[in-house]
Amino acid sequence: MPKFDKMAYASADEMIFGQAKSPVKYGRDFTVGGGYVFPELVPHPRPGTEATKKSLMKEYEKMVTDVLDRCVAIGIPGIQVELEHVYQMTKNPDWGGEIAAQTKHLMEEYYRKFGLRSAIRATIADYRKPDEEDIRSSVALETILKAFEESAVGGADNLSIESVGGKEISDYCIVRQDIRGVLFGIGVLGSRDMEFMWKKIVEIAQKHGATPGGDTNCAQANVAMFMAGGYQDRSVPHTFAALTRAIAAARSLVAYEQGAKGPSKDCGYEDVIVKAITGIPIAMEGKASACAHSDLVGNLIAACCDLWSNEAVEYHDMFGGTTSAVFTEILGYDVALMNTSIELGTAKQLQEMMVYSDKYRDMHGFILSPENAYEIGKAIVENNTSYYSRAKAAALKAGELMMNDSQLKMSKFERESLQNALRILDGLPDKEEDFISECIDIYKKLVPGFNPANYGL
Amino acid sequence: MPKFDKMAYASADEMIFGQAKSPVKYGRDFTVGGGYVFPELVPHPRPGTEATKKSLMKEYEKMVTDVLDRCVAIGIPGIQVELEHVYQMTKNPDWGGEIAAQTKHLMEEYYRKFGLRSAIRATIADYRKPDEEDIRSSVALETILKAFEESAVGGADNLSIESVGGKEISDYCIVRQDIRGVLFGIGVLGSRDMEFMWKKIVEIAQKHGATPGGDTNCAQANVAMFMAGGYQDRSVPHTFAALTRAIAAARSLVAYEQGAKGPSKDCGYEDVIVKAITGIPIAMEGKASACAHSDLVGNLIAACCDLWSNEAVEYHDMFGGTTSAVFTEILGYDVALMNTSIELGTAKQLQEMMVYSDKYRDMHGFILSPENAYEIGKAIVENNTSYYSRAKAAALKAGELMMNDSQLKMSKFERESLQNALRILDGLPDKEEDFISECIDIYKKLVPGFNPANYGL
Amino acid sequence: MAAVANFDNIFVRYDLVGEVEAKGARVASKNPALQRVMQCVVEGDTDNIVDAVNEALKVADPLEVINEALVKGMNEVSRLWDEGEYYLPQAIIASDAMLMGLEICEKKMGQSLEKKGVVITHTAEGDIHDLGQKIVNALLRANGYEVIDLGKDVPVDEVVAAVKKYKPVMLTGTALMTTTMTAFERISNRLRKEGIELPFVCGGGAVSLEYVSGFDLGIWGKDASQAPGMAQDAVNGLSWQQMREKWNA
Amino acid sequence: MAAVANFDNIFVRYDLVGEVEAKGARVASKNPALQRVMQCVVEGDTDNIVDAVNEALKVADPLEVINEALVKGMNEVSRLWDEGEYYLPQAIIASDAMLMGLEICEKKMGQSLEKKGVVITHTAEGDIHDLGQKIVNALLRANGYEVIDLGKDVPVDEVVAAVKKYKPVMLTGTALMTTTMTAFERISNRLRKEGIELPFVCGGGAVSLEYVSGFDLGIWGKDASQAPGMAQDAVNGLSWQQMREKWNA
Ligand SMILES: [Zn+2]
Ligand SMILES: [Zn+2]
Ligand SMILES: [Zn+2]
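Chains W, E, B and U are the protein sequences, given in the same order.
Residue numbering for the first sequence follows the working numbering, starting at 12 and increasing by one per position.
Residue numbering for the second sequence follows the working numbering, starting at 12 and increasing by one per position.
Residue numbering for the third sequence follows the working numbering, starting at 7 and increasing by one per position.
Residue numbering for the fourth sequence follows the working numbering, starting at 7 and increasing by one per position.
Source of the hints: derived by calculation from the structure; they are not laboratory data.
Among the clues, some could well be false.
To spell it out: a stretch of chain W is covered by chain U in this simulated footprint if at least three of its residues, at any positions, have a beta carbon under 8 Å from a beta carbon of chain U; those stretches are [to be verified]:
1) 84-94
2) 124-136
3) 324-332
4) 349-357
The calculated BS3-like cross-link candidates involving lysine-lysine, where the alpha carbons are at most 30 Å apart (straight line), are [what the hints assert, rightly or not]:
5) K78/U x K456/E
6) K456/W x K114/B
7) K102/W x K218/W
8) K199/B x K65/W
9) K199/U x K456/E
10) K65/E x K228/B
11) K69/W x K102/W
In this text the structure is predicted, and so the values were computed from the model without any measurement.
Just so you know, even glycine gets a beta-carbon here, dropped at the ideal spot from N, CA and C.
Taking the hints into account, I'd like the entire structure generated from these sequences.
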């Protein structure tokens, strides 16, 4: 059940990068949201190195060393490294645990030698299959929880996940431009699964003194956003992807209602909205994550970030060093610019530049610009009678904002897609139970393997 | 002989990114320094593709297409592509020419279809060997000039080079921390060779309606800077590298005295000083060129840029597309931030953030911060009796600035290196001819192959 | 807050340059019943396709409904998509409608329509992201291919066994992660060892041309929309080398 | 202009963390003449080394001057460099001084000192950036190796011919550009074809571990300062595989 019923900030104007209402301190003298922004570097092992624990550990040792070396080469004050589990690291919880321990060991060395501040996020791979198994009691679930446990014991400071509840529905519906199904798959099923998962994750984190970080709607809203793609792509309308994102905000919020503390996961583009509601520190990724995917919010998305990430970069040599080192440097300078503006007292001016760079570049940036994100957040907390009602309110508010700002240009096709979706949303039942039973009827027929019991329904 | 005797700007305060006193317009509706900043993307072919003209052209076709595609995917208003010649493109002038023509053809298509503004810089490889041949009449020289010609005919808008005059001396002296030799190799020999080369380049450019771009002291000052490296490197003192850079400014200036118009070459870190003196538009590279090399001026160096470059990135796949596309996106957003600040009227605030991010990070950033760069520029124009005197004045001024700013921290070793160099500079002869004959005596003995006649001496 | 008067130097909305004017469908049938079926396919009207097909079957035989309405409608959808008037969702729901209609016609005929060929699809071992594969399945089926869907997280052994069993014209593999896509190379090696040659199209997420060109049989799939065209080539007897040359050059 | 009161959250000057306290040289000789020679090497005093060596040769025989002053001084320089007190230039000018002194002693002996082994160095065809190679040459020579310097922009044929002629313990190649470093692989192939095995150390600019690990004989050189240690391994009979394991693991 929804808990948040008010905003953490009095207005969007209060929100700024580097500062969160509830900063988080962990790792080696590492504070997130306490006044300054830090980089979060996410290295990705080369294909083939996942074959054995030994080769994967060796790969991580190299990647992490390169990150730390570049920090002390150019003066980066502190850094978080994300160990974003490849399947094998979760499947074999001891792999993830030992890689965390090895990373911690390296970081301690650099902290001792140079005073380099640092922290580790372990993001466990959610490889449950909602359309093939009982996701509330499968082997996959057991293993995932074990992986959390081992990572925490190994030395991960922050435990995160990209949970996949409701993906069987949203996958089916995103490519069919079915807003009702997206609302059901993300807003209802996703939220319910998160409630289930995060109770357990928070418990594990507390048991081992780790911080429960956050969850992202990567498996759903990012699918829509990446399929919407750039100006020349025609897979998913950009307006539709933006509505999906608004719905995702209502869903990702659940982690913090269940006790997660942040910093949230970098690829949760919805987290500007989440920060407005919760005041937790957030990780964000924009232009420097072009190595992982293209987006239309390269600057704007940094407007309220507390960690600034590259999303994922495969380990390779470039002229200027390995990719781990190269992207550490790029992030490091991006962050230095933000922190300098903070020291100069001109952070709000920099934020304004970030925002206007992309606010009207695309619908996604538009709804995620702080003032619009704040409005969507308000719609969420004001409609917190059910997961359904707040997710629907988020989408309607996002749609309304898009329709009413004349500076946001749209093609005829995009506008029609939006109007069409809003019409459907308007026609949906008021009560959550009515919506749920309607959707169960429809999607049980359409989506092979969809099992409401997976969501306690 | 030196020509510039005054500054283009009344003060450093007048200098800002996106704006040059003498903007340059060429290519497809592409204006540099006319109010906004554009990205300059430099793709580098994969090893092996240089084997034949056919395979290299194919590689360039792919690389350039990826650049243009990413521009129209995310909304970049215009872009310059640098064809930085690999040896084979200059050695076989028709290769360079045909690749320029092919690039122009692609750009015209995107201009027609989307209105994407664009331009081409061809940077010819200077592979003359000052210690082995007569660099004023060698086959290499002939070929280089032919390559300029063919590139201009093919469609290059901007002709540039990284000329190597004096490198035999500076190579010997940089690794021996011999400031006298560096002053001779860069300030005197480098300047004299540039005068010789640029007369010819400007003539070729004019003949074919191309714009003579600029030259960079890549072969000398960048060697010193990259060897100085990061905080943990101990190859060349950072103070020494900074003095080398100041000297390089006096040298790179010669291109514009001979008729070059800019935009200058991205890797000429000295060009902030050159812009202050000449008012030409400059290309700069900082954090987004981490793919090519690490530096300690990632943000600051953008303070006065008109083009913003990645220096060089080898063509490969990343998760987010090919490196050409990825770095186009990163540069594109960096530039969008600058242009947004221009539209918002807060460009000076952004510049201030850039500057303070790195002004005290390292000596290089310190002397290249606009106000210090301006002072060094003034020392150059006020001592323009000879190439020698102005280069020496630049170094002395840079040294004085470093010694006198208490916020610039230095290790004992670094400070001693600096004081030592300044002491030597102070003791050098007043007159250029005395300095030259002293140096010829010394370095003829020490540097095998050094031939003063190569420099008209 | 200050305002930006002019965004033209910050970004250019290239998506609005030369916007495609929606001209709608071009095909028509003289037979109003067939016309309605075609309409349902073109509009992806899964609510009414069943009724429309049943009505059409009263005035036309199943083969005619298939060829003159369902297939024609689908071809029109392909055209609208190619020309930029349709987005992927329009193509997907059209496939849905088309397949629903086809099922009714086949039931009426008492047999399945002969398929153009068999294609096996799967998502790599360790990878649960099968959306790409599902799109491929839908597009292949709507274009007349029989799809053997092995699902997601499929072990290498299973893929090899299925190829031996079904003898498909083409195999596809989807992977979001580079660390799961390594299974593709293992599949290729196993198939080669068994002396089996067939085009093995690999795509999705992090799968790159560079990687797929590194092993035999591999053809890089840039986009799900290429699947029907590739399957057609395989049916036409192009070797994997020829297909690689054609699609990946 | 506003000012920044505190830079600690913008950058940290890690170069000033645990700054090495200069403690100076530690070696000493009881013989003042030898002490002076050693001093000249340690300080890279090329102005006075000639005089110092000539003086020392009045009281000691050439071999003693070499071993007790020149070599000892150079060893001390290596230590100071390893421990962070010296930068590269101090090592280079020390080598200069050492080699000047050595030349005088050898002339006096009427023969060259036996070298530890022969190393061939070159800069790749098409590449005129030979500074890296020159540093390698200086460090190898100062450490007692005979260097055959093929210079810059050296064709593959010439490198192979030189290896056959001089039978070095080790070959090095330097390249700034990836598009010239491709010559290294060709050299490796040619040498293998001729049945020649030796460690081929490749480094400089854009040369990467990934690339050099891709062909036989190749060992990646991260830094010129590694050259003497690698040459020592080659003299000690380590194979290129063992050296790759040791230096590139
Ligand atoms: Zn993600
Ligand atoms: Zn350069
Ligand atoms: Zn360059």
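Tested hints:
no. : hint            : verdict
1   : 84-94           : holds (count 5)
2   : 124-136         : holds (count 4)
3   : 324-332         : holds (count 3)
4   : 349-357         : holds (count 7)
5   : K78/U x K456/E  : 27 Å, holds
6   : K456/W x K114/B : 22 Å, holds
7   : K102/W x K218/W : 22 Å, holds
8   : K199/B x K65/W  : 28 Å, holds
9   : K199/U x K456/E : 42 Å, violated
10  : K65/E x K228/B  : 24 Å, holds
11  : K69/W x K102/W  : 18 Å, holds
In the structure shown, a violation is registered for the earlier hint numbered 9 alone.
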